[in-house]
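As a plain string of letters, each chain reads:
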Amino acid sequence: MEIENKITVPSGSASYSTNQVIEIKNLSKGFDDVPVLSDLSLQLFENENLVILGKSGTGKSVLIKCIVRLLTPDSGSINVLGKNVNELNDRNLAELRKKIGFLFQSGALYDSMTIKENLEFPLKRIKKNLSQNEINEKVKEALENVGLSDTLNKMPSQLSGGMRKRASLARTIVVDPVIMLYDEPTTGLDPVTSDEISSLINDVQKKYHTSSIIITHDIECAKATADRIIMLKDGEIYMEGTIGDFEQSSDEHIQSFFKTKILNSQITK
Amino acid sequence: MKVIGPVINKIPKLPDVKKRAIKLSENAIKKTQKVNRFFLEVGEVNLFFWLTLRASFSRNFEFKEFLRQCYLVGNKTLPLITITGLVIGLVLTIQSRPVLVDFGAVSMLPGMVALSIVREMGPVVTALICAGKIGSGMGAELGSMKVSEQIDAMEVSSTNPIRFLVVPKVMAATLMIPILVLYADALGILGSWAGANIKGDVNFILFISQAFSAIEFMDLFPAVIKTFFFGAAIGFVGCYKGFTAGRGTESVGIAANESVVLASLLVILIDLIAVQLTDMLL
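First to last, the sequence lines map onto chains A and B.
Quick note on numbering: my numbering labels position 126 of the first sequence as 126, and the sequence is numbered without any gaps.
Quick note on numbering: my numbering labels position 271 of the second sequence as 271, and the sequence is numbered without any gaps.
It is possible that some hints are incorrect.
Quick list of simulated restraints, FRET-style, between CB atoms [unchecked claim]:
| # | chain 1 | residue 1 | chain 2 | residue 2 | range |
| --- | --- | --- | --- | --- | --- |
| 1 | B | Ala28 | A | Pro191 | 52 to 62 Å |
| 2 | A | Asp176 | B | Gln276 | 23 to 33 Å |
| 3 | A | Thr72 | B | Lys23 | 34 to 44 Å |
| 4 | A | Gln132 | B | Phe204 | 49 to 59 Å |
| 5 | B | Asn27 | A | Lys223 | 51 to 61 Å |
| 6 | B | Ile22 | A | Thr72 | 31 to 41 Å |
| 7 | A | Leu152 | B | Arg59 | 27 to 37 Å |
Rather than coming from a laboratory, the hints here were simulated on the basis of the structure.
For clarity, every value in this text was computed on a predicted model and none was experimentally measured.
Beta carbons: idealized from backbone N, C-alpha and C, even for Gly.
Chain A extracted, bound-state conformation (with noise of 0.2 Å):
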């Protein structure tokens, strides 16, 4: 199908500044010679929530795990605050990486260790500086700012799906970074915690001023979260603009895409 509607400038009242915190230029990437991510450009803004919507295997997840360099691109530049990520060492990149929270889409908390252990695990090789008065001044806080102080002790095998996501984000914004990356923050949950989840990203923004990108197959958690949406198809950028012109779309594929997820929406709630 031939791609009409890339790249439309977003027509909505932009709340984010005009710096740059992530570029991207013609980034691919593929899998035993099966391209997923192609010729794909894009910017992140400071304060900006970006949302990168698509289906299951249009390179969302890859796209961030490249900015992180979880992934290596096959070519393309990579900008982050700054820096370009494939041309980093060692040093550099765990140095970059400190200014950057990731929420992976299974929580990814440590199973060997409590609550309290996960938060205080990148605290403690990230600020090195820090007292163990002052790391636990910084754990209580994350997890207060999530809505689970009484978790301190817990494992994670005891926390429910949306907890984990919780704690998961409180692990990740205990740090302070610059630039969040969520991986699909509301899959699996149910549609009351997705809305929090939604919120919490949100609050994560105005508290921290955090510059997010998230990725997201959930028109609500989009709707409450976006400043920008970007749709992916077969790996590049389909359309560009906010969820007014998304909504206003005649585009078929985008219709089908909106109309399928409020239906989605509608029968869960």
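We have chain A already, so just place chain B on it with the hints.
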């Protein structure tokens, strides 16, 4: 024409030649891919070994995690080693006694059993048990961490997962397995004394003194040295298989299984090399 005709008829038709050529080239590609995969695996093992070695000597050694792993390795296998050690000594004695009685050499029983336990049975059996218990545990633990993106999460939070996860495990296995082997040896000799007492009345002090008088330093030294290599191999294989597990849940089981098989095989091969070297040097 009469001569050439049958020859021409024997030449396969062009489409057949084309099919055969395609099949041949497909086979060649498959074989090349297999060879490529083998060399990639060798390269991966070498890279993993190098990264582990480099991380072992880095400044930020995870001492707390190392102690935790030492406790886990020792504590997990202690009951199993206790039973196995006792049984080895007991069985060796029960099996050897009748032969020695026939030759009138029953007084050599403590020394003979002690030597076979210290030199071979203790180290190898303990290492094989550890390969099953520790190697599979490490493979499964790291494999499940890989599947649930915990290793990625560690990497993203600026922590070298090899330094935190692999180095303490390999070092703990390297240090703890020799200790477990010495413990199994001691219990084996104790089991042997119990075995000797089934059909006779042997004084404990006398039995132990006879057993130890048969063991020389050069019996014990190579046997202990090789157990460090057993431990390192078990730890390294378990961690490597877990770390390089695939993405599906099935791969956790595969990683655990491959860890046991490969670690057990390596234990046997290291033992063979150690025996040959000891034989050459002494």
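Hint check:
1. Ala28/B x Pro191/A: 52 to 62 Å: holds (56 Å)
2. Asp176/A x Gln276/B: 23 to 33 Å: For Gln276/B against Asp176/A, whose Cβ atoms are near 58 Å apart, the range 23 to 33 Å is violated.
3. Thr72/A x Lys23/B: 34 to 44 Å: holds (36 Å)
4. Gln132/A x Phe204/B: 49 to 59 Å: Holds: the Cβ-Cβ distance is about 52 Å, inside 49 to 59 Å.
5. Asn27/B x Lys223/A: 51 to 61 Å: Check passed, 56 Å falls within 51 to 61 Å.
6. Ile22/B x Thr72/A: 31 to 41 Å: holds (35 Å)
7. Leu152/A x Arg59/B: 27 to 37 Å: holds (31 Å)
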